[in-house]
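Undergrad: With these hints in hand, go ahead and build the complete structure from the sequences.
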Amino acid sequence: MKFAIQINEGPFTHQAADTAYQFTKAALENGHEIFRVFFYHDGVNNGTMYGVPPVDDRNVSALWSELAEKHDLDLVVCVAAAQRRGIMDADEAKRHGKGASNIAPKFRISGLGQLIEAGIQADRLLVFGD
Amino acid sequence: MSTLHTVNKSPFERNSLDTCLSLAGNGSTVLLIEDGVAGALKNTTATQSISDAMGKGVKFAVLGEDLSARGLPADRIIDGISVVDYTGFVQLAADHDNVQSWL
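Heads up: the protein sequence lines correspond to chains A and B, in order. The first sequence begins at 504 in the working numbering and counts up one residue at a time. The second sequence begins at -5 in the working numbering and counts up one residue at a time.
It should be emphasised that the hints constitute simulated quantities derived from the structure, not laboratory data. Keep in mind that the hints are not guaranteed to be accurate.
Keeping only pairs whose Cα atoms sit at most 20 Å apart, straight-line, the calculated EDC-like set for lysine to aspartate or glutamate is [claimed, not checked]:
no. : chain 1 : residue 1 : chain 2 : residue 2
1   : A       : 505       : B       : 91
2   : A       : 528       : B       : 59
3   : A       : 528       : B       : 89
4   : A       : 505       : B       : 89
5   : A       : 528       : B       : 79
TA: The structure is reproduced here in structure tokens:
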């Protein structure tokens, strides 16, 4: 079955980002397909590579990057939500005259159309947030 | 049309469980996750509304990992609520026609 995931909450805020990760991991382990993971609202904060949690704590962004690397996941960060919160890839950073990009590996920035498409293409869309 | 409802807030903090139960019908399942697992406990102010919904044919499940993370043992759970793991969560999502998250 094809699942699409929407995440509206940042890492270390409450639990939604963790639940979404665990659900996605379990779905993949059970042979399901993840059509796309869409990071929206504060959820875009999962897409920064500059988070440095203590070594004995989970690094939510890095976990997503690793899972995406392993399963070739499509991790999409909403561009409008990302601009507001300072999440940028190289093109966005250049366009806005910022010094550097901070988007985590395997994440990409795109628009809301990607969420709509995920809702249409996937069999189920699950929303995780606070 | 069957729906899986997920509730991630404690019924003692927000009214999302009550709102969910007012709309969940026969054939639906309510999965309690995150702080929502508190709603699965016996002898609370939420117990009656869960029993009433069970009487209408709504099924209930609770995420075991989130119970354990809060130190809540399975023997304190209302009879008839099944304890599932993340694989069970995925299975419930697949088994229902759609998933409604009550945030």
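Undergrad: What hint numbers does the structure not satisfy?
TA: Of the numbered hints, all hold.
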